Amino acid sequence: MASVTVGMFLASINAYLNGTPGAKHHLGYGMLARAAFGLWGSYFCVMLNVFQSFVFYGTQMYFGGQAFVIILNSLSPGFLHMKNTLPESAGITTPGLIGFVLFIILYFPIIYFIPAYKIQKLLEVQVVIATATLLGIMAWAVHENGGSPGNLITSSLKLSKAEAGFRVIQGITSVAGTYTGGTDRVSDWTRYGKKRHTSTPAIITLAVTVILTALIGIISTSALAERYGEVQWNPLIMLQSVQAMNYTATCRAGTFFAGVGLLSVTVFVNYTQNCVSSGMDVAMLVPKYVSQRRGAIIFSILGVLAQPWRFLTQATTFITVLSSFGVFMSPAAAILIVDFWLIRKTKWNIPELYKPGGIYWFTGGVNWRAFVAYFLGMWPALPGFVNAVSGIEVAITWRRFYQISFFFGYAVSATLYFLFCKLSPPPGLGVQVNFDVDGTVVVEGVERTSEKSDVDDSKMVGSVETKDLA
Numbered sequence: 001m002a003s004v005t006v007g008m009f010l011a012s013i014n015a016y017l018n019g020t021p022g023a024k025h026h027l028g029y030g031m032l033a034r035a036a037f038g039l040w041g042s043y044f045c046v047m048l049n050v051f052q053s054f055v056f057y058g059t060q061m062y063f064g065g066q067a068f069v070i071i072l073n074s075l076s077p078g079f080l081h082m083k084n085t086l087p088e089s090a091g092i093t094t095p096g097l098i099g100f101v102l103f104i105i106l107y108f109p110i111i112y113f114i115p116a117y118k119i120q121k122l123l124e125v126q127v128v129i130a131t132a133t134l135l136g137i138m139a140w141a142v143h144e145n146g147g148s149p150g151n152l153i154t155s156s157l158k159l160s161k162a163e164a165g166f167r168v169i170q171g172i173t174s175v176a177g178t179y180t181g182g183t184d185r186v187s188d189w190t191r192y193g194k195k196r197h198t199s200t201p202a203i204i205t206l207a208v209t210v211i212l213t214a215l216i217g218i219i220s221t222s223a224l225a226e227r228y229g230e231v232q233w234n235p236l237i238m239l240q241s242v243q244a245m246n247y248t249a250t251c252r253a254g255t256f257f258a259g260v261g262l263l264s265v266t267v268f269v270n271y272t273q274n275c276v277s278s279g280m281d282v283a284m285l286v287p288k289y290v291s292q293r294r295g296a297i298i299f300s301i302l303g304v305l306a307q308p309w310r311f312l313t314q315a316t317t318f319i320t321v322l323s324s325f326g327v328f329m330s331p332a333a334a335i336l337i338v339d340f341w342l343i344r345k346t347k348w349n350i351p352e353l354y355k356p357g358g359i360y361w362f363t364g365g366v367n368w369r370a371f372v373a374y375f376l377g378m379w380p381a382l383p384g385f386v387n388a389v390s391g392i393e394v395a396i397t398w399r400r401f402y403q404i405s406f407f408f409g410y411a412v413s414a415t416l417y418f419l420f421c422k423l424s425p426p427p428g429l430g431v432q433v434n435f436d437v438d439g440t441v442v443v444e445g446v447e448r449t450s451e452k453s454d455v456d457d458s459k460m461v462g463s464v465e466t467k468d469l470a
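Counting with UniProt numbering, you get residues 1 to 470 for the letters of the sequence shown.
Don't read these hints as lab results, they were simulated from the structure.
No incorrect hints appear here.
Lysine-lysine pairs mimicking DSSO-like chemistry, simulated, CA-CA at most 27 Å apart: (1) 24 / 121; (2) 355 / 24; (3) 422 / 24; (4) 194 / 118.
Nothing here was measured: the structure is a model prediction, and the numbers come from that model.
Required output: the full structure, derived from the provided sequences and hints.
Set out below in structure tokens:
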């Protein structure tokens with residue numbers, strides 16, 4: 001719980017700092033990346049987020065299929081005992097594939113017909129359903145174990161104090177790194193807000209929700225592990241196991257409603273956290289041909305073709321994938337924050353963000369400061385990452401770098417980028433240029449001596465309107 005709490009606290013800070021640019025300038029994550037990494041360099045940041053979303057998107061689709069399996073199991077004993085006709089190489093069972101197809105049939109019309117700005121009311125209902133479902137599962141698990149949550153204090157795994165400390169830090173890295181990719185893109189949502197701090201309550205709610213959900217999961221897993229002698233962290237698999245062992249009328253009713261609740265959670269988490277945001281990212285990569293909705297649909301189709309159940313062949317592999325995102329995401333997040341808050345002092349020349357050869361073009365469309373700082377902060381964790389994924393032996397030092405990758409990458413990349421910008425300042429610092437509602441350009445920080453006078457760049461205290469730069 002300590003790892004989850006600290007990790008979400010860090011992710012929430014990251015969300016606020018990366019969400020403010022959207023609230024202030026009403027521009028999304030792509031523009032935040034352009035200002036720091038350059039017009040072409042920003043594609044690197046976008047692709048990092050697309051890759052992370054792709055893994056989570058596919059995973060959630062598979063989970064949605066498993067929720068359908070629970071529902072169908074509760075409705076039909078025949079489905080519960082359905083024989084698997086697929087080969088082992090398929091990586092999925094016949095019931096699992098049926099559930100996956102049903103989830104696609106349910107999910108695709110939602111992303112096609114319901115735009116993001118109309119989803120709020122449905123999300124409010126979903127929050128109630130999710131809360132009731134998770135609390136119900138926890139209450140049932142504790143009841144199954146005779147009213148006991150199980151052994152939550154003493155661990156069966158014996159570790160030295162040093163190893164235990166690094167495991168806690170690795171847990172923080174896993175949680176913070178997992179949510180950093182999503183919180184980097186908060187500007188994609190805050191840009192629609194009418195007030196600068198509109199997103200603050202939502203960010204706080206996100207942190208509290210994840211922490212409480214983790215607590216519910218720990219209690220439920222602990223209680224059922226003590227009751228049945230098997231540790232199962234995934235409630236979807238846990239409920240299917242219960243159906244196989246105790247298929248009574250009460251069990252069927254309880255697992256039906258739990259399956260419906262988990263299905264609802266999966267649909268809306270995938271829609272808001274992965275599908276819509278990735279649609280925005282894909283639209284930024286090829287805006288001439290792809291809209292946000294088309295991007296979401298393309299992303300969804302690719303997610304199906306990738307056979308996402310293969311991400312979950314083994315629970316350990318999945319956990320390794322999740323914990324590795326901090327290696328790649330934290331250096332980029334740190335650079336975006338330092339660039340906006342410390343280097344540019346929250347000021348952008350907005351027309352230049354869309355202009356090849358402008359001040360955000362840097363060198364060939366790439367800001368060398370950002371990329372050098374990124375790779376210097378990221379690479380020490382790579383050997384440990386390879387060890388975690390493949391089992392190839394590396395020195396203990398490299399494994400430690402991997403375990404603290406979120407903190408190390410964040411601190412090193414932030415510090416180096418700040419120093420690079422001080423030693424070699426990027427162009428366009430200190431002046432805010434906006435697009436006004438009537439199509440003119442508003443330059444903040446420049447004194448206007450008369451209504452018809454030209455802009456005097458030497459006097460940076462007032463504001464002036466200039467003619468449309470287009």
